[in-house]
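Taking the hints into account, I'd like the entire structure generated from these sequences.
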Amino acid sequence: MPLPDAPLILSAENLACRRGGRLIFEGLTFRLRPGEAIALTGRNGAGKSSLLAMLCGRLRPEAGTIRVEGASDVAPLELSHVVGHRDGLKTALTAQENLAFAQALLGDAVLSSADALARVGLPHVAALPVGYLSAGQRRRVALARLLVARRPFWLLDEPMAALDLAAQAMLAGLMREHLAQGGAILAATHGPLGLDGARELRIGP
Amino acid sequence: MTRAFLAILGRDLMLASRAGGGGELALVFFLTIVVLVPFALGPDLNLLSRIGPAILWLGALLSMLIGLDRLFQGDEEDGSLDLIRASALPLELAVLAKGLAHWLTTGLPLALAAPMLGLLVALPGEAMLPVAGTLLVGTPALSFIGAGGAALTAGLRRGGLILPVLVAPLTIPVLIFGVSAANAALGGTVPFRTPFLILCALSLAAIVVGTLAAAAALRQAE
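Sequences listed follow chains B and D, in order.
If you want this note's numbering, it's the 1-based position in the first sequence plus 789.
If you want this note's numbering, it's the 1-based position in the second sequence plus 229.
No lab work stands behind these hints, which were simulated from the structure alone.
The structure displayed is predicted, hence computed values, not measured ones.
It cannot be assumed that every hint is accurate.
Derived, one-sided and incomplete: chain B residues facing chain D with beta-carbon distance under 10 Å [said to hold, decoys possible]:
hint, residue
1, Cys845
2, Ser861
3, Phe890
Ideal Cβ placement from N, Cα and C applies to all residues, glycine included.
Printed below as a string of structure tokens:
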């Protein structure tokens with residue numbers, strides 16, 4: 790299913806973040822347009838994960854607003870995929886069951902869970918409980934979630950972490966495909982994302 | 230939206246049935262309490278059958294509190310809660326699905342086991358069904374009052390300790406009317422219907438209030 794016609798822009802204005810009484814960053818403004826990728830960089834503790842938590846609604850901004858231009862009545866989170874350090878997988882369920890659950894929750898199905906697992910190179914673990922998988926394999930199952938449901942914004946926290954070189958190239962391919970289809974990506978990262986033309990957004994000093 | 234609701238319900242039922250899911254824990258704990266109390270009371274059979282309904286109700290209440298802290302905590306820790314928040318399903322309905330799954334895996338088995346365990350506390354035969362009935366309509370209140378507390382403590386590492394302290398006082402009305410309805414079934418001046426209907430009302434109110442309170446607590450960002 791194609792993305793909605795009106796261009797959806799994730800826009801943050803004058804965001805400020807306070808954790809434990811300390812102001813981590815302030816005055817952060819950016820707009821994430823269709824087809825655009827932003828690499829969020831900054832030293833450890835600069836607030837990259839906090840910014841993503843704000844975009845997910847898990848953390849309330851100290852100041853500023855986050856909204857989606859073009860769909861003002863929808864919460865940004867409902868148009869986003871989030872893959873972070875907490876992978877959102879249940880260890881007792883199989884990879885297939887985890888993905889089927891995510892698909893039912895997120896709606897707007899694209900690929901079946903079996904096809905999505907094949908795309909991330911894990912067709913053979915579909916029937917294994919996620920608890921038996923390695924960290925890299927788990928991360929790939931979590932990334933397969935990006936493929937089972939259509940969402941314009943991908944919010945990724947260190948997506949390359951725990952991935953081997955082949956899987957990093959696979960993820961870069963998936964991201965390029967998403968951008969080509971008019972999606973947008975915001976990824977907190979320390980290393981290269983493998984995307985040409987990704988804009989860098991540096992927070993903190 | 231129905232699909233997302235059923236997905237959460239189905240996943241929680243599936244998780245409870247898997248090894249280590251804790252689905253059977255409440256039942257075993259219930260059995261343990263009901264078996265131990267007669268030994269502590271001694272051989273007075275009349276006393277035992279008089280306080281039998283109270284033992285069953287206390288046992289059910291404590292069993293429901295066990296493992297309740299994991300209701301939202303597990304989802305919070307592994308990030309599933311972010312996934313649920315990202316769904317178009319209102320958080321209230323997600324809480325309703327999780328509370329319902331909790332009741333189906335703890336409250337319902339307890340109510341079904343009550344007639345069997347009633348034998349251990351010398352409950353007269355004609356009181357078995359009414360007592361099980363009070364547990365059947367009363368335990369949803371415990372699940373959903375508990376859900377409110379579980380949502381409040383979802384982010385706390387040692388939430389399991391504080392949860393019973395938060396929840397137990399709120400369950401007192403349910404306990405009072407549950408036991409008095411069960412006692413009314415054993416005889417006495419109060420008709421069974423009166424406390425039983427109040428118990429039903431408490432459950433219905435708890436489902437609504439507990440769901441709204443839990444969703445509000447989960448929505449309260451840091």
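Find the hints from earlier in the document that the structure breaks and name them by number, from lowest to highest.
Hint 2 is the one this structure does not satisfy, whereas the remaining hints hold.
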